[in-house]
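Engineer: Generate the whole structure from the sequences, applying the supplied hints.
Per my numbering, the very first residue in the sequence shown carries number 1; after that it's consecutive.
Please note: incorrect hints may appear among the correct ones.
Below, a list of computed lysine to any residue pairs in the SDA-like style, where the Cα atoms sit at most 25 Å apart [claimed, not checked]: (1) Lys96 with Ser135; (2) Lys196 with Ser135; (3) Lys96 with Arg112; (4) Lys360 with Met396.
No wet-lab data here; the hints were simulated from the structure.
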Amino acid sequence: MRQVAPTFFPLLAFALLLVPRGTAGQTVALEIITPEAAYSALLRDFHQANAHLEKGEKAQARESLQAALSDKWDGGLGDLPAFAGLLLRQAEKTHKNGDPEFAAELAVLAERLAPGSAEAQLALSRYHLGGGPVSPGAAFGHALKSGALLRSDPLPLYRALGRLFALPVLLIAVFGIGFALILCGRYLALLMHDLKDLFPAGRLPWWLTLPLAAALLLLPLAAGLSPWWLGAWWFVVFFIYMKPPERAVVYVWFALLLLVPLFVRYYAAAAANRADPALMASVRARGGVPVPGDRETLSEALEKNPDDLLVRMALASLLQRQGSFNAAAETYAPAFKDQRTAQAAYNNIAEIYYAVGDYKNALNALNAAAKAGPPRVEIFHNLGQYYQATEQLSLMGDQYKKAREVDEARADDLRQR
Numbered sequence: 001m002r003q004v005a006p007t008f009f010p011l012l013a014f015a016l017l018l019v020p021r022g023t024a025g026q027t028v029a030l031e032i033i034t035p036e037a038a039y040s041a042l043l044r045d046f047h048q049a050n051a052h053l054e055k056g057e058k059a060q061a062r063e064s065l066q067a068a069l070s071d072k073w074d075g076g077l078g079d080l081p082a083f084a085g086l087l088l089r090q091a092e093k094t095h096k097n098g099d100p101e102f103a104a105e106l107a108v109l110a111e112r113l114a115p116g117s118a119e120a121q122l123a124l125s126r127y128h129l130g131g132g133p134v135s136p137g138a139a140f141g142h143a144l145k146s147g148a149l150l151r152s153d154p155l156p157l158y159r160a161l162g163r164l165f166a167l168p169v170l171l172i173a174v175f176g177i178g179f180a181l182i183l184c185g186r187y188l189a190l191l192m193h194d195l196k197d198l199f200p201a202g203r204l205p206w207w208l209t210l211p212l213a214a215a216l217l218l219l220p221l222a223a224g225l226s227p228w229w230l231g232a233w234w235f236v237v238f239f240i241y242m243k244p245p246e247r248a249v250v251y252v253w254f255a256l257l258l259l260v261p262l263f264v265r266y267y268a269a270a271a272a273n274r275a276d277p278a279l280m281a282s283v284r285a286r287g288g289v290p291v292p293g294d295r296e297t298l299s300e301a302l303e304k305n306p307d308d309l310l311v312r313m314a315l316a317s318l319l320q321r322q323g324s325f326n327a328a329a330e331t332y333a334p335a336f337k338d339q340r341t342a343q344a345a346y347n348n349i350a351e352i353y354y355a356v357g358d359y360k361n362a363l364n365a366l367n368a369a370a371k372a373g374p375p376r377v378e379i380f381h382n383l384g385q386y387y388q389a390t391e392q393l394s395l396m397g398d399q400y401k402k403a404r405e406v407d408e409a410r411a412d413d414l415r416q417r
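Structural biologist: Printed below as a string of structure tokens:
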């Protein structure tokens with residue numbers, strides 16, 4: 001999606017622009033449909049699921065989560081990774097309360113919420129490192145996925161972070177196992193010889209030394225541990241036979257092994273696990289069901305982190321619903337510069353302009369929304385509504401036609417409202 005720079009209504013001009021300048025005859029009511037309307041069902045179902053989880057109502061929570069997964073949505077603001085992080089915290093609580101099976105089910109659903117999110121993969125890695133059942137294999141598997149996702153991120157900083165993060169994880173996963181196998185081939189004979197020396201002469205047949213050595217090397221599996229523990233265990237077993245350079249490599253490997261969980265713990269907590277109050281306030285605000293205090297919660301969260309697009313769009317939407325148009329416009333302003341939010345921000349600002357009678361800038365904003373992202377049925381519908389409200393019927397028909405070309409069923413549904 002290409003980014004469209006806001007070439008009109010800059011931030012300093014909002015106060016001047018947002019004054020009624022209607023024209024006679026242009027008083028027909030216009031309902032602007034937000035392109036985020038497709039989120040409403042997801043937001044509602046997820047909010048219900050979280051409420052059921054807090055009450056321990058597993059069946060109802062499962063039903064609401066399945067409904068949320070079946071809803072149409074198309075992500076982009078970091079909300080789905082945040083939902084996944086919130087769901088994983090519920091999984092951690094459930095696991096600690098003695099219900100590991102349902103906790104595992106919640107973890108699977110969390111991954112399905114945002115399978116293409118590096119933040120969600122890091123949160124899952126953190127979950128498997130101690131929040132839920134300890135599984136180094138699953139933890140490193142999710143960490144590897146997150147590194148690959150970060151390396152393909154459109155932002156250079158995150159691409160660099162992905163490469164940096166993927167390196168130690170890759171060394172642990174591939175190099176660690178490979179080096180352990182090399183050591184096994186090099187020192188297995190010495191291990192078998194030393195095992196034979198533990199028994200009185202002639203008491204241990206030579207053909208039993210190999211099975212005994214294999215049993216020792218596979219001890220982590222016998223103890224029910226993940227195969228990922230094998231590499232570390234083999235390094236311990238063969239350590240007394242290693243040469244100094246080999247021991248140095250093992251020291252580096254163990255240092256990386258300690259580094260990755262620390263990275264996952266702190267980065268995942270910051271990136272995927274947003275504060276519950278701000279996240280739930282965002283869910284309610286964007287779902288159209290805010291409660292008293294949500295505005296203050298979102299304002300404080302945005303003040304602490306101005307780059308949080310989810311909170312920004314939720315607060316702007318809430319201010320817009322409450323009629324605080326100037327405050328909403330100022331809150332939307334930074335969202336015009338980000339390709340993930342530009343389309344929705346332009347579209348929503350058009351509703352504000354129309355509400356205060358500034359029809360020219362309402363049309364400019366809708367046209368900017370159409371250019372700021374992929375074809376959206378809601379955008380074309382809104383343009384059609386605008387031309388219908390301003391009695392430009394030929395242009396109205398063109399926009400409704402474009403809307404039906406994008407999604408005929410959705411376009412017809414919007415027209416029938």
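Engineer: Look at each hint and say if it fits the structure.
Structural biologist: Status of each hint after checking the structure:
This hinted pair checks out: Lys96 and Ser135 have alpha carbons roughly 15 Å apart, not beyond 25 Å. Simply put, Lys196 and Ser135 have alpha-carbon atoms about 34 Å apart, too far for the 25 Å limit, and the pair is violated. Only pairs whose Cα atoms come within 25 Å are accepted, and Lys96 paired with Arg112 is accepted, the gap being roughly 22 Å. Distance restraint check for Lys360 and Met396: the Cα-Cα separation of roughly 16 Å lies within the 25 Å cut-off, and the hinted pair is therefore satisfied.
Hint check: a violation occurs at hint 2 only; the rest are consistent with the structure.
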